[in-house]
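Participant: When you get a sec, could you build the whole thing from the sequences and use the hints?
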Amino acid sequence: MGQVFPTVPKLLSGIKTMDEQTPESHGIKQPSRPIESAVVKLALFVALVGLVAGLYLWQASEIAVTGRRIEALRQRRQDLERENTELLEQIAVEGSIPALQERAARLGFSPAAQVDFVPVTAVPRDTMPTLRGQWTGSK
Amino acid sequence: MGERTRRRLYVLCGALVIVVAVIIGQLVRLQVVEGAQWEDEGNKIHTYTLTLTAQRGRIWDRNGNLLADNIARYQVTADPGPVNINKAVDQLAPLLNIPPNEMRAKLAGAHRQVLLATKLPMATGDAVRKLDLWAVYATPYWQRSYPEHQLLSHVLGFVNAEGQGYYGVEGQYDSMLRGREETLQENRDAYAQPSPFDPARTDEPRSGVDLVLTIDRTMQALTEAELARALSETGAKSGTIIAMDPRTGAILAIASLPTFDPNNYTETPTSRFVNPAVSAPYEPGSTFKVLTMAAALQEGRVTPNTVYNDTAWIEVGGQVIRNWDRKGHGPSTMIDLLANSLNVGAATLATQMGGQTFYRYVQAFGIGRPTGIDVQGEASGSLRMPGDLDWHESDLATNSFGQGLSTTPLQLISAVAAVANDGIQMRPYVVAQKVDGSGQVLTAKPIPLDRVISAQAARTLTGMLEQAVLRENALAHVPGYRIAGKTGTAQIPMPGGYDDPWTIASFVGYGPVSDPRLIILVKLDRPTSSPYGGQTASPVFARLAARMFVLMGVPSDEARASR
Chain A
1 MGQVFPTVPK
11 LLSGIKTMDE
21 QTPESHGIKQ
31 PSRPIESAVV
41 KLALFVALVG
51 LVAGLYLWQA
61 SEIAVTGRRI
71 EALRQRRQDL
81 ERENTELLEQ
91 IAVEGSIPAL
101 QERAARLGFS
111 PAAQVDFVPV
121 TAVPRDTMPT
131 LRGQWTGSK
Chain P
1 MGERTRRRLY
11 VLCGALVIVV
21 AVIIGQLVRL
31 QVVEGAQWED
41 EGNKIHTYTL
51 TLTAQRGRIW
61 DRNGNLLADN
71 IARYQVTADP
81 GPVNINKAVD
91 QLAPLLNIPP
101 NEMRAKLAGA
111 HRQVLLATKL
121 PMATGDAVRK
131 LDLWAVYATP
141 YWQRSYPEHQ
151 LLSHVLGFVN
161 AEGQGYYGVE
171 GQYDSMLRGR
181 EETLQENRDA
191 YAQPSPFDPA
201 RTDEPRSGVD
211 LVLTIDRTMQ
221 ALTEAELARA
231 LSETGAKSGT
241 IIAMDPRTGA
251 ILAIASLPTF
261 DPNNYTETPT
271 SRFVNPAVSA
281 PYEPGSTFKV
291 LTMAAALQEG
301 RVTPNTVYND
311 TAWIEVGGQV
321 IRNWDRKGHG
331 PSTMIDLLAN
341 SLNVGAATLA
351 TQMGGQTFYR
361 YVQAFGIGRP
371 TGIDVQGEAS
381 GSLRMPGDLD
391 WHESDLATNS
401 FGQGLSTTPL
411 QLISAVAAVA
421 NDGIQMRPYV
431 VAQKVDGSGQ
441 VLTAKPIPLD
451 RVISAQAART
461 LTGMLEQAVL
471 RENALAHVPG
481 YRIAGKTGTA
491 QIPMPGGYDD
501 PWTIASFVGY
511 GPVSDPRLII
521 LVKLDRPTSS
531 PYGGQTASPV
541 FARLAARMFV
551 LMGVPSDEAR
561 ASR
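If you're matching them up, the sequences are chains A and P in order. 1 is the number of the first residue of the first sequence in our numbering; add one for each residue after it. 1 is the number of the first residue of the second sequence in our numbering; add one for each residue after it.
FYI, nobody ran anything at the bench for these hints, they're computed from the structure. A virtual CB, placed ideally from N, CA and C, is assigned to each residue, including glycine. Be aware that a few hints might be false.
[Stated by the list, open to error] Short derived list, chain A residues pointing at chain P, Cβ under 7 Å:
1) Thr-85
2) Glu-89
3) Ala-92
4) Ile-97
5) Glu-102
Facilitator: In structure tokens, the structure reads:
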């Protein structure tokens, strides 16, 4: 034991062991203060490296998870966009002229044979057909 | 520590140093010396170039009805290397409706990615995605769709599989409609999943601009139905109808038959894609007399009651010009000239004005140059002018009644619309609004091109055209409305002469006369029931105008007078 204990720091740090500093006659061999300090420093260093590595891994993991979440949301948005266009298309097909004509005929409607105009003086004279001002598109 | 142990430790340390040195050496070689080469190799494997296509802008009619849309479709591909063929065939074949043997053969014999199916509906594509099969990819894409099918197809045009717009509005506004696509390099992992660290994914494609047309879907449907009925009743081979607001130049409807379904453009002969209303010049015949008379009135050469002696023929530049009925009508007023559509009278007016004056007005009305309408492929027609090598003196006479020159239907209606609009010609247009992704709206303003004749001359001519319709064209009457108009019966040119006995029968009319809100041109090619515009095109105008006045909310003359 007395032989092995001091060799570890020696191998690692090259610090002189008790062999050079302490006489064998002392009986129990104990690490001197510099060795103890080196071990503590090493431990702190390892702990620091571990902490930095841990933080890096945690951050990378968070970025990855967030990235996946963003990707999933992006995918969901694209799916919804596609669904919306599908629904818009269905509405357009259902409301197309041939579809409306067919439904109107089924309901017993037919083109007006005669149109009577009723003068309404309260309405402004100029009824020039214009674009519906409120309508601003679909997006 | 003994000497032996110490030596062993030195050996161990030396060995470790060598190993570490080798590793470091290799790292330097791979990362530094050959770094660029290996980076390229890696990129080839893990970097995917993605083109994110923007959703093409939609097209709406003036009332917000959808005319052109995008629908999501899927294509399914598979990597024959890693794919589990048995599993893929078992699960995909029934979904994609492909015979299992056929799919197995496709996958087994291929080395590169195999396209298994395309144009799949969304439900099928989603089902394939949910299977989550290894090395099988369901990729969505946008496909242009026209929910009204054939309706307005000549004005809309179509979009091919690569997203390129052709003809009509799709061609004219292609760059605006297609938006901005994004191309990005994306890093993927061993499972071909996008890397979550990839910053390039922040860019998104920008959707194209939506277009709102001046065209009313219901009016368009009515117009197409009337044209189809006209072709059926008159035996005409083809035809065109244009309806326009003369005050603004806004096109309300454009119909041409035969037509096509832009959803199935690949199954359509390419000749059908051309919009005859703007791209097919023809000799307009007697409808052109409106312009000749406008010039004479503006020049002060005639009044409605000016009388000339209509002989059966007149010789101009060595060519004998005759009336359509080959008869002389004796002393005739200018209203008689229009009512009876007398070629001799028109030629007399043109020769009296002289070539310089006559052609100045013809050009002012926009004949011989495109109107500038915002649809792709507009033709300019042809007009020979004095001084041109191929112009002949007799052209002055034939041009006066619309032969020997050519206009598109749009050019003609645009010119006559100037008369309806108190002499001011407007630029025809079909796109009323552009709406971008943020909801910003750009509204097109009507553009006046020129004052061609005075308001007084225009109103006088309108009155003359009304008289002409009242006296000689009962079939063009619209109950409840005063109408001005002119018939046309034109011979069809062919190399070496005219294609007798075929004609192009037409009628251009507008109303209500007191405040023209609608002008319609009806053109029927080679009718068999009668060659004359007064008998074939006029009734089409009358029926259509009656319906359109109602749709436009234009009350009858009586109702308006009572207000």
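Participant: Run every hint past the structure and note whether it holds.
Facilitator: Hint check:
For the restraint placing Thr-85 of chain A at the interface with chain P, the shortest Cβ-Cβ distance is roughly 6 Å, inside the 7 Å limit, so the hint holds. Using the Cβ-Cβ criterion of 7 Å, the hint placing Glu-89 of chain A at the interface with chain P is satisfied: the shortest such distance is roughly 5 Å. The restraint placing Ala-92 of chain A at the interface with chain P holds, with a minimum CB-CB distance near 4 Å, inside the 7 Å limit. A hinted interface residue such as Ile-97 of chain A counts as satisfied when its beta carbon comes closer than 7 Å to some beta carbon of chain P; here the least separation is about 4 Å, so the hint holds.
Annotation: Glu-102 of chain A was flagged as interfacial toward chain P, and the flag is violated, the nearest CB pair being 13 Å apart, outside 7 Å.
Comparing the model with each numbered hint stated earlier shows that hint 5 is the single one that does not hold.
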